[in-house]
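One-letter residues, chain by chain:
Number of protein chains: 2
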Amino acid sequence: MSKFSLYPVTLDGSDTEAKREEIRAYFHNTFDIFEKIFEVLKSDEVFYKKSEPTRHPMVFYFGHTATFFINKLILMKIIKERINPEFESIFAVGVDEMEWDDINGTHYSWPKVDEVREYRKKVRERVDELITSLPLTLPITQDSPMWTVLMGIEHERIHIETSLVLHRQMPLEDLKEVREFNICTHTSAAPKNEMIDINGGSVVLGKDKSHNLYGWDNEYGEFSESIDKFKVSKYLVSNAEFMEFVKDGGYEDEEFWDEEGKKFLAISGAKHPIFWVLEGGNYRYRALHKLIDMPLDWPVDVNALEAEAFCRYKSKKDGVVYSLPSEAEYRLIYEYAGLRDIPDFHESRANLNFYHYFSSCPVDEFGFNGIYDVVGNVWQWSRTPIFGFDGFEVHPAYDDFSTPTFDNKHALILGSSWASSGNMIMKHSRYAFRKHFPQNAGFRYVISSGDEKIENDIYESDELVSQYCEFQYGDEKFGVKNFAIECAKVASKFAKNHTKALDLGCATGRATFELARSFDEVEGIDFSARFIGVGVKLKNDGYVAFASKTEGDLAEKKKVSIEELGCVAVKERVSFWQGDACNLKPNFNSYDLIMATNLIDRLYNPRLFLDSVDERLNSEGFLILTSPYTWQESSTKKELWLGGYKDESGKEVKTIDTLKEILGKKFELVHLQDLEFVIKETARKYQHSIAEVSVWRKK
Amino acid sequence: MSKFSLYPVTLDGSDTEAKREEIRAYFHNTFDIFEKIFEVLKSDEVFYKKSEPTRHPMVFYFGHTATFFINKLILMKIIKERINPEFESIFAVGVDEMEWDDINGTHYSWPKVDEVREYRKKVRERVDELITSLPLTLPITQDSPMWTVLMGIEHERIHIETSLVLHRQMPLEDLKEVREFNICTHTSAAPKNEMIDINGGSVVLGKDKSHNLYGWDNEYGEFSESIDKFKVSKYLVSNAEFMEFVKDGGYEDEEFWDEEGKKFLAISGAKHPIFWVLEGGNYRYRALHKLIDMPLDWPVDVNALEAEAFCRYKSKKDGVVYSLPSEAEYRLIYEYAGLRDIPDFHESRANLNFYHYFSSCPVDEFGFNGIYDVVGNVWQWSRTPIFGFDGFEVHPAYDDFSTPTFDNKHALILGSSWASSGNMIMKHSRYAFRKHFPQNAGFRYVISSGDEKIENDIYESDELVSQYCEFQYGDEKFGVKNFAIECAKVASKFAKNHTKALDLGCATGRATFELARSFDEVEGIDFSARFIGVGVKLKNDGYVAFASKTEGDLAEKKKVSIEELGCVAVKERVSFWQGDACNLKPNFNSYDLIMATNLIDRLYNPRLFLDSVDERLNSEGFLILTSPYTWQESSTKKELWLGGYKDESGKEVKTIDTLKEILGKKFELVHLQDLEFVIKETARKYQHSIAEVSVWRKK
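If you're matching them up, the sequences are chains A and B in order. Residue numbering for the first sequence follows our numbering, starting at 1171 and increasing by one per position. Residue numbering for the second sequence follows our numbering, starting at 1171 and increasing by one per position.
Pulled out of the complex, with its shape left as it was, chain A reads as follows (with noise of 0.2 Å):
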């Protein structure tokens, strides 16, 4: 690695053959740079611990990044062949804490390190391949297959940054030296903060489908917003200017802390910021993989609760009202600071993309017209939580992306850290994480007028979402009941034992609940985290509000409660889960029932899921199928379709004939009835289906 961390590739251009190979070269350096900074982890037993108990085993991040590529270039089918199904399901998900990802590291057994190598090797062989042949015209738009190859770089740095705070928690002596990490060496005096004035204005934030750069799915579309001037501190809260706060008893005095902010003491017993260490009555800073001397003069390391109990205590010391930026100021401080995106922006001039350090350095070294660390050195708690612009839209490689994090639970953050490259030191990017998360992130405050925004219900922008809570949770029409009910009264009718049921393809998760009245324990299993928050939503809020359209853009708003739902008894019965059920984890297993409504005509090869069904079944166990069987070529490529098709014979193949045949072998049918379903588009326009319902009982 001559230069450590390449920019990220534009999407313009005038020459294909010359954009392949930038993209190459910025795909071998991001699974270079990723693969580099494992090697901090002193011995592949390393790999198999946790750096806290919330997160996965390093091991899975390992491989996580490499089944990205595979995952979603199957999911777009981009490619038809996996290079390895069961990798390739237990690396599948890798988000922040959310509760339906698995990370109970007992459910699997893990491959070995060197297995996981050799993986990662045939990814990166079978990406170069595709860069090399897949179709490319300029720009790169988010339809182009390219899109994906960048879209699983962009993550691939996203867990660069991440890893490196879980590499940050380990202990040392799991870590070992890496010569290419270079700590920042000095530090002095901290500077004495001071506030800016800084010009009121209007603000447009998001930005356009034609921008030449990558962007996530939550930078697009437009956020108008009029700010009136205010103050921001001139320097990032340095380890000095924190040290008032914990020296005053900042962490035992709970007037400071919100109730979410009392919940993260209770939980973590934290006194200090998590990479201070006390030794002998005083603070010593952890780095990268070293303890080292205090750094006064380097911004402190918090989470935004921290962050807020330090300006709530400053409020108090001071009399003036501190707090974080928001999301709107940010950019009239951005602009101030005179900064201009990149490749126009040069590296050099903060810490960030592993230019000049493996670390923080002092608050006071990268200024901008008299503005300090802009960008760089740590990401910038505000009090902003993510929600999507105006116009905002799902990419469909990763629907799941932003969405799940629209709960005004996640605070963006802003800027970036000397660990952030690709798109995270770019203008437009937008990350957030859950308050108690910890981040390569400090702060800055502000004294400002801006009120914090209104909070919406996260289901109210997501258009499919509302339309699925409609059809689950909703009004009846045309005398057709309420089908993810009477889907559950059939499967309880003909299920024998009522011990452990799968709801698979379970969407906004009403049949998971009504099955939890005959069943002891139900798992809801949906491919995207946008449906699955549904569910945990009613399960731990106690309801879920959505939009449901009535004429063009209007829609009426609707709230359900789980006890209008008559579900407060059995909730605890549920659990949801994140899984493609094309490639299942192994642990999705003892079934006395697994059902699938609507589901097998959405499968990008179903076959896969029926071929194997059964031995998750236990024996005397039942599957139950619903389906209209509208087989469509976004979904389903159609040499894969079950049916609605003529065979080389010209003979008509209809999809429960090929069903009798798949299944016929390991299991009975026993019923099979049509049920219908109306599905709300807006009040004058339904989908009115009849689906075919069929119930096997395994042989």
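Hints are supplied without guarantee of correctness; some may be wrong.
Which copy? The list can't say, so a pair holds if one copy fits it or any two copies do.
What the hints assert, rightly or not - Within a straight-line C-alpha distance of at most 20 Å, the following computed EDC-like cross-link-like pairs (lysine to aspartate or glutamate) qualify:
id, residue 1, residue 2
1, Lys-1647, Glu-1846
2, Lys-1173, Asp-1723
3, Lys-1379, Asp-1313
4, Lys-1247, Asp-1569
5, Lys-1855, Glu-1646
6, Lys-1808, Asp-1560
7, Lys-1647, Asp-1844
8, Lys-1821, Asp-1560
9, Lys-1666, Asp-1784
10, Lys-1727, Glu-1822
11, Lys-1808, Glu-1392
12, Lys-1807, Asp-1723
13, Lys-1377, Glu-1563
14, Lys-1808, Asp-1378
15, Lys-1808, Glu-1851
16, Lys-1659, Asp-1645
17, Lys-1291, Glu-1392
18, Lys-1824, Glu-1726
Simulated from the structure, these hints should not be mistaken for laboratory data.
Following the hints, position chain B against chain A.
Structure of chain B alone, referenced to chain A:
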């Protein structure tokens, strides 16, 4: 014009600015040639004459190719403003003799030619601007806005070819010499024709969407055929060779003519080819703008019926069966000739693209591997009726370019002529005309064992039209009555006078027939000739066949007759026309009833229709609207929706309220009701909607 006609531009390349310049040059060249060929008309008065009664006057075509650009750009929402709404309605429809193309010139007062010249100038400037400014990536694909510009250019190229036929049909005293239009000056004795052996083989017709030349919808997809060896005539049939047929009384002998041929003879009174002129017992030859002595070695210009009659005559004489070549046989002839597609093919090698002459030339002048005029000189009639290849899809900008000709009545013409340029000289282009239609076309004959293609019913391959046939003529579902019948009942109940009704947005025409039960005259108008064709076929052929989808690609074939509908007695009361509800021709007026079912939420600008609809109604006339108000951006830009959004003050705007506001000045709302309708997608999936029916009486 230094070089008379430029080659078409390729869709690919690496430099977008250079491509814009290529397109610009090609566009102006096309516009120039088109205007140049009208210089042959002696004076502006001649523009108001017709070359034959079934066609429009010349001024129509002169305006038509320019309005085509604007109408398609509006339809595709690439531009918002019309240049001249009146011109863009009266010059809108210019297809080959179709019943719904209103060619009765007394219906309009045509504008001055100078006004049309001025209009053409404005269109030229507007398109030139767009060529500079439209988003452009290479290769240009079918969804690129530039595709619509290329479509306009290629459409004009077609009219260059067909207008030259019309001009050649005009009386000589209406024409003048144009210096650049050089008629070939050499001729000698015709060579004796002979037969060449062509090896059989497998032929794959159709081109891929990635092909680097513009194509019309009918060129894409794939069609394979296995062809036995056959023989083909070395030369096109010359005037000399055809003379034997004429002199032997071929035009008088019914045995050589089929039913369609006999009808042609009866109507036209033809005794010889159209461009032969009998003077003093001798045949002379009509070139574009002069009469010359019969060039015996030039190809004869005939229609397909005359060509077929000649084949029957020659078969009888020689005792061998001659026929016209099929499309697939022609491909083997093309390959035998060693031809290559443009731009690799050089235009100097054949009589096309105006490179040599503004006329035909001897049949033995341009040879390819021993066979002559495989491309160029005159088109060659084939025995193959045009049809859609597997994978056929209409282009949204011109959904009725081909489908109305997939009726087994339109025969393909092969090769190209001296007047062909642009797409017409490409290998993959496919044009078809009615068999009695004059073109710059002749023929060559084959001796082959090939069977005729099996005839298919056209609507069985058109999914959307089939879906509408099922909706209007198929079975009822969920107990919901036939919507077209119910709407017609409401209309008949409210209307006061029953002389003339308009069914606007008539689709496949069921309501048009139903209204005819109580109205003396009913006009059905739809934007797309694809749909209108169903009503026309029912009226003329007494039946229509379509395919009703069951599962996936599988469908049930259905056939409905005019007898079953009980409409035999009223069918003469209905007529169908192509038209744009937002820019209707002035002659559509004086109605007692205008009914627009499920139309307003599919218009690109519904206010344009509503603002002036009262002017087309008689006093005491009624307007009936039905709609589920399912606004969608693909049909109507959001700023033109009539409802389904919030206004600037945040108030919800509903469609019915906007209708009351717009129509309230001129109409009284006398009735409002809901009416359900069901559209079948598959046997298990339906769209189930609830239209609002509003009945408005003109004040």
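Hint-by-hint comparison with the structure:
no.	hint	result
1	Lys-1647 / Glu-1846	both (11 Å within a copy, 13 Å between copies)
2	Lys-1173 / Asp-1723	neither (50 Å within a copy, 54 Å between copies)
3	Lys-1379 / Asp-1313	both (11 Å within a copy, 16 Å between copies)
4	Lys-1247 / Asp-1569	within (15 Å within a copy, 29 Å between copies)
5	Lys-1855 / Glu-1646	both (14 Å within a copy, 17 Å between copies)
6	Lys-1808 / Asp-1560	between (35 Å within a copy, 14 Å between copies)
7	Lys-1647 / Asp-1844	both (17 Å within a copy, 15 Å between copies)
8	Lys-1821 / Asp-1560	between (50 Å within a copy, 18 Å between copies)
9	Lys-1666 / Asp-1784	within (16 Å within a copy, 68 Å between copies)
10	Lys-1727 / Glu-1822	between (45 Å within a copy, 14 Å between copies)
11	Lys-1808 / Glu-1392	between (38 Å within a copy, 16 Å between copies)
12	Lys-1807 / Asp-1723	between (32 Å within a copy, 13 Å between copies)
13	Lys-1377 / Glu-1563	within (13 Å within a copy, 34 Å between copies)
14	Lys-1808 / Asp-1378	between (34 Å within a copy, 18 Å between copies)
15	Lys-1808 / Glu-1851	between (27 Å within a copy, 18 Å between copies)
16	Lys-1659 / Asp-1645	within (18 Å within a copy, 32 Å between copies)
17	Lys-1291 / Glu-1392	neither (40 Å within a copy, 39 Å between copies)
18	Lys-1824 / Glu-1726	between (40 Å within a copy, 13 Å between copies)
In the structure shown, a violation is registered for the earlier hints numbered 2 and 17, in ascending order.
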